[in-house]
Amino acid sequence: MRVRFVLSQIGNGLRRNLAMAVSVVLVTFISLAFVGAAILLQTQISNMKDDWYDKVEVSIFLCPASSSVPNCAGGEATEEQVEDLQAVLTSDALSDYVDEVYVESKEQAYEAYLEQFGDQDWAQSITAEQMQMSLRVSLVDPEMYQVVADEVTGRPGVEYVVDQRSILEPLFLILNRATLLAAGLAALMTVTAIMLITTTIRLSAMSRRRETSIMRLVGASNLFIQLPFMLEGALAALLGALLAAGGLWLGVRYIIEDWLASSVRWVNFVSTSDVLLIAPILIGIGIVLAAISSLVSLSRYTKV
Amino acid sequence: MIRFKKVSKVYARGARPALDQVSLEVERGEFVFLVGASGSGKSTFLRLVLREERPTSGSVFVAGRDLAQVSTWKVPHLRRQIGCVFQDFRLLPTKTVFENVAIAMQVIGKPRHQVMTTVPETLEMVGLAGKEKRLPHELSGGEQQRVAIARAFVNRPAIVLADEPTGNLDPTTSVGIMRLLDRINRTGTTIVMATHDDEIVDQMRKRVVELVDGQMVRDQDRGVYGAAR
Chain D
1 MRVRFVLSQI GNGLRRNLAM AVSVVLVTFI SLAFVGAAIL LQTQISNMKD
51 DWYDKVEVSI FLCPASSSVP NCAGGEATEE QVEDLQAVLT SDALSDYVDE
101 VYVESKEQAY EAYLEQFGDQ DWAQSITAEQ MQMSLRVSLV DPEMYQVVAD
151 EVTGRPGVEY VVDQRSILEP LFLILNRATL LAAGLAALMT VTAIMLITTT
201 IRLSAMSRRR ETSIMRLVGA SNLFIQLPFM LEGALAALLG ALLAAGGLWL
251 GVRYIIEDWL ASSVRWVNFV STSDVLLIAP ILIGIGIVLA AISSLVSLSR
301 YTKV
Chain U
1 MIRFKKVSKV YARGARPALD QVSLEVERGE FVFLVGASGS GKSTFLRLVL
51 REERPTSGSV FVAGRDLAQV STWKVPHLRR QIGCVFQDFR LLPTKTVFEN
101 VAIAMQVIGK PRHQVMTTVP ETLEMVGLAG KEKRLPHELS GGEQQRVAIA
151 RAFVNRPAIV LADEPTGNLD PTTSVGIMRL LDRINRTGTT IVMATHDDEI
201 VDQMRKRVVE LVDGQMVRDQ DRGVYGAAR
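Protein sequence lines correspond, in order, to chains D and U.
Okay, so the first sequence: first residue is 1 according to the working numbering, each after it adds one.
Okay, so the second sequence: first residue is 1 according to the working numbering, each after it adds one.
Since the hints were derived computationally from the structure, they do not count as laboratory data.
Cβ atoms here follow ideal geometry from the backbone N, Cα and C, with glycine treated the same way.
Hints are not guaranteed to be accurate.
[As the list claims (entries may be wrong)] Listed next, the stretches of chain U that the computed footprint assigns to chain D, with coverage defined by at least 3 CB atoms under 8 Å from CB atoms of chain D:
#, stretch
1, 70–77
2, 107–118
3, 190–196
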């Protein structure tokens with residue numbers, strides 16, 4: 001009897017305040033969509049870091065025959081210098097950081113070069129002799145690049161050290177900025193959602209004041225009186241969260257999986273399964289939103 | 001059943017008290033008229049019994065419990081022992097007669113089968129058999145008040161408070177309502193009725209408590225409305 005009664009109360013409330021209920025659903029939808037987008041962007045960043053940081057290496061370019069760098073005044077790096085450097089990199093001091101070291105000879109550099117640009121006309125004029133010899137170092141933890149760079153920079157035969165990771169940094173910077181933007185909008189929309197749900201519940205309570213005063217008179221408990229309002233808010237927020245999850249799913253499905261992933265193949269993009277993973281988070285946030293709003297708006301109706 | 005011990009109620013600081021040092025005891029099964037002009041403190045008295053207000057000083061006992069000791073979340077339980085009837089009926093306009101009475105049982109979680117049997121019984125008792133499906137606006141004022149009384153009585157409360165229940169009704173209808181309240185009283189229910197209907201008070205010959213400006217000036221068994229002081 002009680003459950004049926006509460007359910008019919010909720011039905012009445014939603015029907016009477018349909019426009020408000022719809023607006024609550026939409027605002028929750030948009031705010032949670034931004035929250036979800038921020039989480040997806042971060043997932044994307046960590047995906048890319050996982051993928052690429054394994055592949056990136058520190059390149060130690062060795063002095064070529066002619067160089068303007070003071071460290072290379074002695075001309076091309078000698079065999080001895082190369083061996084010394086290898087010894088330093090494989091020494092105990094660096095063994096915690098360095099995973100693997102190999103030498104890329106001029107010929108290997110030339111092959112890699114041809115593979116990349118070989119079909120271009122201008123590439124034909126370059127000879128193997130013009131390529132630069134380098135040591136390639138893969139790191140245990142790519143973030144520890146600086147330790148290795150400090151150790152080898154300035155040693156005889158080293159022209160300069162390049163961390164391939166620095167090439168990726170601008171991309172991550174853009175993605176991080178986008179995350180910030182999405183998170184900022186999410187915060188703003190969340191505040192809006194809380195205020196809107198608060199107002200909606202209050203309006204709903206006002207329009208049913210007569211009913212609630214009678215229920216109070218015949219001895220209904222506070223929880224019993226407030227439950228329908230809380231559930232109304234929770235229901236609207238839940239719908240909004242489901243819409244947000246659905247919207248993100250569609251977005252990832254059609255924009256990223258169908259379009260971006262097929263045209264940009266070298267990136268491991270987020271997928272719809274990531275969206276399914278964050279859906280419970282969004283629903284949880286939606287329910288928390290509704291709960292906070294109910295507490296705020298109903299506290300003044302708890303007076304008996 | 002109801003005991004007031006030197007109860008005062010001041011709404012606004014510095015204002016004249018709505019109730020001033022009122023001490024009163026109402027026994028189980030009594031029928032008490034609370035008379036006095038508007039603003040004499042009748043409604044405040046009833047609100048204190050319902051614990052819609054707390055006294056500024058003094059203590060109120062209802063059904064043996066000191067209301068000052070009843071925690072806020074237990075107030076609903078207190079109210080389940082008290083039925084209320086008002087001058088303006090306070091029915092839900094969109095619900096039928098049956099639903100208006102049933103709500104009093106539903107909100108306190110009475111099982112469905114009990115609601116289905118008790119509500120028609122109570123409606124028959126108040127003389128509304130066969131009108132279960134009507135809406136309040138399809139009923140006369142007297143009938144609406146009978147619905148309100150049915151709602152107040154359906155849970156068989158120990159106390160019924162009536163705040164000018166005949167205030168909106170013509171004399172003939174009022175007599176019917178009073179007969180009904182009298183019948184409820186005969187079941188052992190304590191009734192406190194605030195009124196300024198002198199004819200009714202004079203006819204019924206029950207205990208009369210008169211309030212003037214918040215002070216109890218008269219407490220008379222088998223009294224009349226305007227007795228000499």
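Hint check:
no. : hint    : in the structure
1   : 70–77   : holds (count 5)
2   : 107–118 : holds (count 7)
3   : 190–196 : violated (count 0)
Against the hints set out earlier in the document, a violation occurs for number 3 only.
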